[in-house]
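Chains as they are written, first to last, in my numbering: chain A, 812 to 1018; chain B, 14 to 355; chain C, 42 to 202.
In case anyone wonders, no lab produced these hints; they're calculated from the structure. Given the structure is predicted, the values throughout are model-derived calculations rather than measurements. You can take every hint at face value.
Quick list of in silico lysine-lysine cross-link-like pairs, DSS-like style, CA-CA up to 27 Å:
{"#": "1", "chain 1": "A", "residue 1": "Lys1013", "chain 2": "B", "residue 2": "Lys274"}
{"#": "2", "chain 1": "B", "residue 1": "Lys285", "chain 2": "B", "residue 2": "Lys258"}
{"#": "3", "chain 1": "A", "residue 1": "Lys1013", "chain 2": "B", "residue 2": "Lys281"}
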Amino acid sequence: MKIIKLQTLCLAAAAAWLAWSPAAKADPADASDAQVDMQIDDQPGYQPSAEEEQLAGPFERQIVFFRTTEAPGTIVVHTADRYLYLVQPNNRAIRYGIGVGRDGFQWAGIRKIIQKQEWPDWRPPPEMIQRQPYLPRFMAGGPGNPMGARALYIGGTVYRIHGTNQPQTIGHAVSSGCFRLVNADVTDLYDRVPVGTKIVVKQAADL
Amino acid sequence: MRFLQKGIISAAVFSALTLLSSFGAQASTLDTVKQRGSLICGVSNGITGFSIADEKGAWSGFDVDFCRAVASAIFGDATKVQFVPVKADERFAALKDNKFDLLSRNSTWSFSNEVEQGLLFAGVTYYDGQGFLVSKKRKVTSALELDGSKICVKNGTNSEANVADYFKSNRMKFEPIRFETMKEIIEAYQANKCDVISSDVSQLYAERLGLAKPNENAILADIISKEPLGPAVRQGDDQWLNLVKWVNYAMINAEELGITKANVAQAKQSQKPAVRRLIGAEGDIGKQLGLSPDWALNIVKNVGNYGETLEKNVGGKSKLGIARGLNQLWTMGGIQYAPPLR
Amino acid sequence: MPISTPSTRRFFLVAASLFTVALAACNSNQSIDAGAQQGVPATPSKIASDKLVGRWGVAAYHQDSARQRTEAEARRQCSNPYTIKAGQNGGVIMHLADQSEPQELFLKGSASGSTYLGPAGMAAVAADREIVAISDNSFTIKWVSPDNSSRYGTMVYIRCS
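Only chain A is shown next, with the shape it has when bound in the complex:
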């Protein structure tokens, strides 16, 4: 007995349900503010429909005005706004909507993309195994894998830009993962950026 699709409209209820579930020990503070920071487990194996993958509104992939001193081809991530920009010539950028994991909030800086992978494998993080001991320690890449269609590995860190099988998490801070895009977007980005691409991650100032 399980809901396998969680639409944005029912996230609050779903988050509460997951929080209650003994399998997912959610932080109550997160569940109470589901719009901002929702606790939602990865749904390994879940395959989103084409409609779900089509983002509308601000998180839809689009070309925007963007001034920067970074060279065209650079990836700039604004975690607070949940956008990833691929810098283009003439004061513009391709903007992608992203979901940011807790991990993604732990660092800012300048790195390089060191590896690219199609249909990456997934290894659930240790705290997830602890919570759900029956989980496979390794899940082969493919449709339904929480890592999605593509991954770009960020050098010198354990972080990566990857796809997702949960399009509804775009625009939110989610419980795990780094920077996640819908599969169509991460595939678009993957095809545009070579290994060696510079990535600049900016956090909002904190008090």
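Let chain A serve as the given structure and place chains B and C on it in line with the hints.
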């Protein structure tokens, strides 16, 4: 006014607007507002995202929230503000005629609007500019790909001249299709009588909502004219100009410092001098403006910082969904840059 | 055989009511498989429970093309193994999907010859896994519930030495 005895002021100044205007530019606007117990703001009635009243008379929008920020700075209370809707062609005369304390009505800061009108702009709250709306089916990613297009523009505005300049300087041609109203332009566009609409970007986003399939139309990233929008005040009251100006700057600085509606309560524990100055934990910035030490804290607490206010009303968290573009902070790819609060 | 204690019954009542609340909130786009598997009468299992007892490296795949790679990965997961112990009533102590606490599960045969692993009672019910392959040093399961199956894939267990 400051040279007068306090007793005379309180005896002479009443909340009635007629009396207010008889004192003219000599009166300290701040004193008047404080004694009246509320701010009177001139706003537009009917611009989605910027200034609009619902059927119950509740106001919302980016320009409206700026008035609430000023009220919060003065009274610590965002509700102590009265909104006076004013038409575009009457707004400047009404301001000079003391019909309100502050004009917050998507007015472009231009030479004629400031110098010829004899007013002062207190800053730029929103960098607007003319842009293009085009069907996504055309797969256009830049205005430079619009050569040979039929472009709908509003008659009697600068829009056509701006488009002509832009196309000429980029060696492109276009055919202008002129209409008197935006309604006619939308109808013509939906009937494929023109392939592109050119107007101010904020307006294009608002009009897009009314199209049959909003999502199938894109607003290009190109901006071809400068339309800096901001609040205006009367000349001759430097204290009031400074106050309005620094309300805007405080909101921008709050965003840059990471002070938000959600965390402003914890800001007192911050060790950062710039944060402590803004919220009034250090220094006497508020006093110098004629305000309490927590004036800026109250703005963020009641209304939000600049980015929060923008995103809520016209940005990603609103139905308009306008990309921040020029209105992003200078540190993040935009040109919103506030002088420091020190 | 403790099938339904008062506490587990309460658990499922609470689960059912909360689930209804969640459903009411999401009045579209949900799909459920509850009740889809009524199960078949269980027959004695041809596989002995003790064949599952031990420490296992666990990995999963969704597409058959990934099977070999997954086996190799499962072998490498013995640093973080899943341990299956013998139960007091002839079953094995394992987790059901989405349960944080393990419980005693039983191997159940069926008329079709398939072997299922799950709570005592009917075989091939939603909570069950089907044992699709077994040898001394490995076994492979598929979840009976299509939901569990799509989320967790086909799971390969390789015995750790």
